[in-house]
Amino acid sequence: MEPAARRDSLWWMVVSPSLWALHVLLSYGTVAVWCAKIASRDGALDGARVAVLVYTAFALTGVVAVGARGLGRERAVATPRYADTPGARRRFLGYTNLLLSALSFVAIVFGALPVLYLRSCR
Amino acid sequence: MERLGAHGEASLAFAVQIPSPQSALEPAGRDAERIASLFPILFGGGAAIWLVVMGLTVYAVVLRDRRHQRDRTRRWVVGGGAFATTALLGLLLVRGLSAMPELLDPGAPGGPKIRVSGEQWWWRVRYELPDGASFELANELWLPRGRRMPLLLESPDVIHSFWLPSLGGKIDVIPGRVNRLGLEPTRTGTFTGVCAEYCGLSHARMLFHVVVVEPPAFEAWLAAQRADARAPAAVLAQRGHLLFQQHGCGACHAVRGTAARGAVGPDLTHVGGRVSVAAGTVANDVAGFEEWLARTEALKPGVHMPSFHMLSSEERNALATWLDGLQ
Amino acid sequence: MSKAGEDRGADVGAESDAPPSELRRAQEARLLTAWRIPKGFRYWSEVNNTEVGRWYTSVAFLFFLFGGVLALLMRIQLARPNNRFVSAERYDELFTLHGSIMMFLFAVPIFEAFSIMVLPQMLGARDLPFPRLSAYGFWCFLIGGVFVCASIFFGIAPRGGWFMYPPLTSRFQKGAGADVWLLGLSFIEVASIAAAVELIIGVLKCRPPGMRINLVPLYAWYILVVGVMIVFAFPPLIAGDVLLEVERMLDWPFFDPTRGGDPLLWQHLFWIFGHPEVYIVFLPSVALVATIVPTFARTPMVGYGWIVLAAIGTGFLRFGLWVHHMFTTGLPGVSLGFFSAASQAVAIPTGVQVFCFIATLLVGRVSYRLPMLYLLGGLSTFLIGGLTGVMVALVPFDLQAHDSHFVVGHLHSVLIGGTIFPILAAFYYFYPLVSGKHLSKKLGRVAFFLVFVGFNVTFLPIHLSGLRGMPRRVFTYPAGAGLETLNLVSTVGAFVLAAGMLVFVVDVLRPKKKDPDAERNPWNGGTLEWLTEPDKPWGVRSVPEIDERYPLWHQRDFVRDHDEGRFFLPDAEELKRETLLTTPIDATPTQCLRVGGPTFVTHWAALFTGGAFIFSTFHWWWSALASSVLALFTILGWLWTGTAIIPEKAEKDVGRGLKLPLYVSGPGAVGWWAMLITMLGDMTAFVSLVFGYFFYWTGHRDFPPGSQPDAHPGLLLAGLGLVIAAWIGTVVSRRLNRRDRGGAFHAGTALSAALSIAGGVALVLSLTRAGLDPRAHVYGAIVWLLVVWTVIHVGLGVVMHLYVMARRIARRMTATHDADMAVVTLYWHFVGLTAITAVAVVAGFPLAVR
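Protein chains in written order, with our numbering: chain L, 1 to 122; chain W, 1001 to 1327; chain U, 2001 to 2850.
These are computed hints drawn from the structure, not numbers from a lab.
None of these values were measured; they are calculated from a predicted model.
One should not assume that every hint holds.
[To be verified] Derived DEER-like restraints, expressed as beta-carbon distance ranges:
1) U:Arg2735 <-> L:Gly29: 38 to 44 Å
2) U:Ala2744 <-> L:Leu22: 42 to 48 Å
3) U:Ile2792 <-> W:Pro1156: 33 to 39 Å
4) W:Tyr1059 <-> L:Leu22: 41 to 47 Å
5) W:Gly1273 <-> U:Thr2485: 53 to 59 Å
6) W:Ala1048 <-> U:Arg2365: 28 to 34 Å
7) U:Leu2250 <-> W:Gly1079: 39 to 45 Å
8) L:Ala78 <-> U:Arg2365: 25 to 31 Å
9) U:Leu2632 <-> L:Leu22: 36 to 42 Å
[Stated by the list, open to error] Some chain W residues well away from chain L (every beta-carbon gap over 12 Å; in silico):
10) Leu1025
11) Leu1038
12) Gly1045
13) Val1052
14) Val1062
15) Thr1085
16) Leu1103
17) Asp1105
18) Ala1133
19) Asp1157
20) Arg1230
21) Ala1294
22) Thr1296
23) Met1310
[Claimed, not checked] Per the computed footprint, the stretches of chain U lying under chain L, defined by three or more beta-carbons under 8 Å from a beta-carbon of chain L, are:
24) 2104 to 2111
25) 2303 to 2314
26) 2582 to 2588
We treat Cβ as the ideally placed atom computed from N, Cα and C, and that holds for glycine.
With the hints as extra help, turn the sequences into a complete structure.
Spelled out as structure tokens, the structure:
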């Protein structure tokens, strides 16, 4: 039996999607406050765009880290993911984290695209 | 269901036919054209994807004995499905986003400012001209072809939505906010718009018309609308004007150049020259006005204007004649 | 019987270790006594998941038929322009009720009903951990549903649309219609959340030994995700309901722009709920597909991990879509862009799921049976809806399509393709499991073709009429705009669709006494629910040990071992209803859980809770108050007699030499989990209200407004201090109880209760002393609401203090058996957090801004 496979947590599954959610909420909140309180109705997004890109950089770093961790666990043992062993369970969780990180990555990149095309508060 | 048709009993057909286009598929404005240019991509692409996926599924179901190898199928179908989906959606997103700045352009200030107010269940339209003058009309806008005109939209009561499929998209009209919409007609003609947000009983009877003309004609129209109503020459119309005053219509309606100064209902100064009456409810002719006066509530459930069925048909005819003459 | 079990059973000569047959018969007799379904009128006191699930499903389906009839009436009205079949007012009632019924009384409940019925079977459990809670949820659902549906016959039906946008619904529609909607459906939403709590814990804690997280049936994965989403999606709507109802009853101007309110706040709260709702409805149906497809492909699902990815991924992403219902409200374009992006991204996991199903079909040898026909029809329909969904997720396209009949076409393709077809497939698939008979193949085919053809004839033209300028929710349309033919065709299609449903209903209702009995596992499914024998009330004969994803296909002698009671809990020695609890990740057994049996207390509780909501609709305040008090005491009585019962012995032998505790307290107990999940939902509602506060701030130049006083900061801080002291007191009291210092425990708890009351009073005084009027401006209204929310929670905390003191005095709670106290302490953690947040916002934000 695989010795390193005793403890695992379901919480890792929600880390990457939560980073995506945080990214959306922060981006949306920043733009809302920027356009309501700082810029005029036709004003430029300048600062808010920079902020969204910074959030994106942080979120992507986090997602890649979680994905790499998942990949490491997926690669750690050779047991098939449908086997009834703690190692298979760990491999499965790693694999799921990897896939969720990949999806979150795409969703975060999608979420950053609007600031490349829209430059004002209109 | 005992009350089924209780209201319907009296509510006759719209007398007005809608000959003017209101279809997003026949664009007559810059924005509608931009949006319509997406249709072939969306519908063509959608049909292609539907065919591929359904074809693959039917193939899989029909193919009962020759099994595909598990790992390779997973790699191709699942991986390919994920990657192809992501790529297609990414491209589509970029295409959509890049079209947005122009669609959200509210139009340059400078010309007349057009304020539209959605009210239960009609559209108050106000032109504020650069020289400070202004006038009001109802359920109708005129726009010059080829210029992007800014509209400012607000509501004193509930949420409505200003939708003009032929020229552009829609924008909600929300109490407490002033929303903006730029419209840039590319063809002349008369177009129908509707209220797209459910706003109460007569939501379906809240149409409006947009008349697009060449710029010189637009300037001429502005000048004509600024003018006060002309005093009626015919006896019948004069009697109609008198009835209008006697029955207190002026408490709600304004007719510039007369004593009627009410601001609750539509300004009727040039009502006879509009495409329809009561937000697309009846046709704009004497018969239409008569019908509207006689069966107001039946034609437009919940309407704030009382019905004038207690007038004799001669009186209604006189009123209608005067109103129809307010060109 | 499973093929695998049959084949292998013969050549393994393991008969020697089988329990003797007289022992087996005695065990079965005892199990039967424990799980016997009462007869006569007491039948309705049953709480077991199978019975409750059956009633729940039937009632939800009845509401579906009612909603369908309303739709037909609308289609008749729209058959020709300027039709006079129904009045405008009646039409508004029809579309409001149609949407509300389909969403709140059919789509969400039927999935919960179905899951309550089937999930325990799939997990090899005897029941879910809180059967009485399921029953309570069902009775609430029945009362609330009948109330809402009946409103149309008494002229008090809501007319605001299923989205209920204020200010139309707050100030511009007369009558109690909006209250019926707000209160009647809030009542049902509470029941939905209760069921979600039950299902989440069911998936996490009621799995059979050995069913590790990587072996969980896909259905259960989806239900877990959907349950969690309900817990986070419904509370924002409940918060919105509270705001709107308070505005209607007390004139606090949350949505009135003339006094600082903002109608858009409702739209945010509604769609934060409303969009996830669509997926809450859709994912369980995908779960059904993921259950049925492998059976007919006769092979395990291809891409199990990918499906799990899709379920969880969709579960998250769908929370980032809400603004796509608000693309035309005039928000900044970038904000629309963010939500357009998320709306595109959510299509990725959906695509992955579809491709996994196709891959499974490609890999397997497909057995083309009736349920498959429904799945194919569903896929074809759903794909149309999915593709049009991608279209409306693009801002430019949506500027035209939004609120037009195109969206009507889109959403019905998604919901009928993604929900109705899979549910019909599931009816055919699971019918033998529930009733032991098959539905008719012949009628099933007829029904399918009528529904499929009817659907497409109805809804394909509707897309086109939308693009031709037909807006939604219009009671009529003018002639001459090119809409006549399209609408007439749609109406004809609707009747074909309805004829199909009628055939289906006839098939379900026709007497089947003469039909041959179905086999036990007629489709040769691989998952645990097919162990069930419809005539046995206990669910599973013994709780199996699992080491495969499809144990009925792949585990040797599985059915035989199950039937002969060689697995866990083959007996009910004490004649009590019991099931196993296991750990969330590896499904190691932790507890033998005793669950509640038949009772009428749930009915009374539901009746009084319903009374509180329904009387309020008509402003019968005293009756409503009396009903609330009765509800509170009924529920307390139910908890007193039915929960945290101290068992007669500490441990029990559950078979195979395993001894498990009968009583668990703290984070291992299901009650603790239920409180945790409920309070997460409660916090979500509270956060929604706090969001409202800051939303008003972004919408105003002047917020907090200069014209309004702030709450008294000293009293606010004093109130907070007292509440925190009560919180600490509760934590300390729990420790004292643990050390068995009864006197000190009582003193500590009583002190905590007193501090709580003082704190609540101080919080309210901070507002009255400052003279803050909740009706003058939205600032006062939202501050009042945040404080009142906190005070109500503190008040409930006091009730809990008194409850645990009484429990201790009655010796129903002791130093070692302190599950009640653990739950109360957990509740108080959330009260502390609520109070700190509320005071920080109410006292701190004005200081920061002014």
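Going down the list of hints, with the structure as the test:
One distance hint, 38 to 44 Å for the beta-carbon pair Arg2735 of chain U and Gly29 of chain L, holds here, with the actual separation near 40 Å. One distance hint, 42 to 48 Å for the beta-carbon pair Ala2744 of chain U and Leu22 of chain L, holds here, with the actual separation near 44 Å. Our hint of 33 to 39 Å for Ile2792 of chain U and Pro1156 of chain W holds, since their Cβ atoms are close to 36 Å apart. The hint said 41 to 47 Å for the Cβ distance between Tyr1059 of chain W and Leu22 of chain L, and at roughly 43 Å that hint holds.
Taken as a hint, the range 53 to 59 Å is violated for the pair Gly1273 of chain W and Thr2485 of chain U, whose Cβ atoms sit roughly 33 Å apart. A C-beta distance of roughly 29 Å is found between Ala1048 of chain W and Arg2365 of chain U, which places it inside the suggested range of 28 to 34 Å. Here the CB-CB span from Leu2250 of chain U to Gly1079 of chain W is close to 57 Å, at odds with the stated 39 to 45 Å. Checked against the hint of 25 to 31 Å, the pair Ala78 of chain L and Arg2365 of chain U passes, with Cβ atoms roughly 29 Å apart.
Between Leu2632 of chain U and Leu22 of chain L the CB atoms are about 39 Å apart, so this pair conforms to the stated range of 36 to 42 Å. No beta-carbon of chain L is positioned within 12 Å of the beta-carbon of Leu1025 of chain W; the least distance is around 26 Å. Its beta-carbon lying about 15 Å from the closest one in chain L, Leu1038 of chain W satisfies the requirement of being farther than 12 Å from that chain. The beta carbon of Gly1045 of chain W sits about 18 Å from the closest Cβ of chain L, which is more than 12 Å, so the claim that it is off the interface holds.
Every CB of chain L is more than 12 Å from the CB of Val1052 of chain W (nearest about 22 Å), matching its label as outside the interface. Interface exclusion of Val1062 of chain W from chain L stands, the closest Cβ pair being 28 Å apart, more than 12 Å. At roughly 10 Å, the least C-beta separation between Thr1085 of chain W and chain L is not larger than 12 Å, which violates its mark as non-interface. Chain L draws Leu1103 of chain W into its interface by the beta-carbon criterion, the shortest separation being 10 Å against a cut-off of 12 Å.
Not every beta carbon of chain L lies more than 12 Å from that of Asp1105 of chain W, the smallest distance being close to 7 Å; the non-interface claim is violated. The claim that Ala1133 of chain W is not at the interface with chain L holds, since no C-beta of that chain comes within 12 Å of its own (minimum 26 Å). Against the 12 Å criterion, Asp1157 of chain W stays outside the reach of chain L, whose nearest CB is about 24 Å from its own CB. The claim that Arg1230 of chain W is not at the interface with chain L holds, since no C-beta of that chain comes within 12 Å of its own (minimum 41 Å).
The claim that Ala1294 of chain W is not at the interface with chain L holds, since no C-beta of that chain comes within 12 Å of its own (minimum 46 Å). At the 12 Å boundary, the C-beta of Thr1296 of chain W stays outside the reach of chain L, the nearest C-beta of that chain being 40 Å off. For Met1310 of chain W, the non-interface assignment is confirmed: its Cβ lies about 50 Å from the closest Cβ of chain L, beyond the 12 Å cut-off. Counting residues of the segment 2104 to 2111 of chain U whose beta-carbon sits less than 8 Å from any beta-carbon of chain L gives 0, not enough to reach three: the coverage restraint is violated.
With a cut-off of 8 Å between beta carbons, the segment 2303 to 2314 of chain U has 7 residues touching chain L; three or more are needed, and the interface restraint holds. Only when three residues or more bring their CB closer than 8 Å to a CB of chain L does the claim for the segment 2582 to 2588 of chain U stand; here the count is 3, and the claim holds.
This entry does not satisfy hints 5, 7, 15, 16, 17 and 24, going by the numbered hints stated previously.
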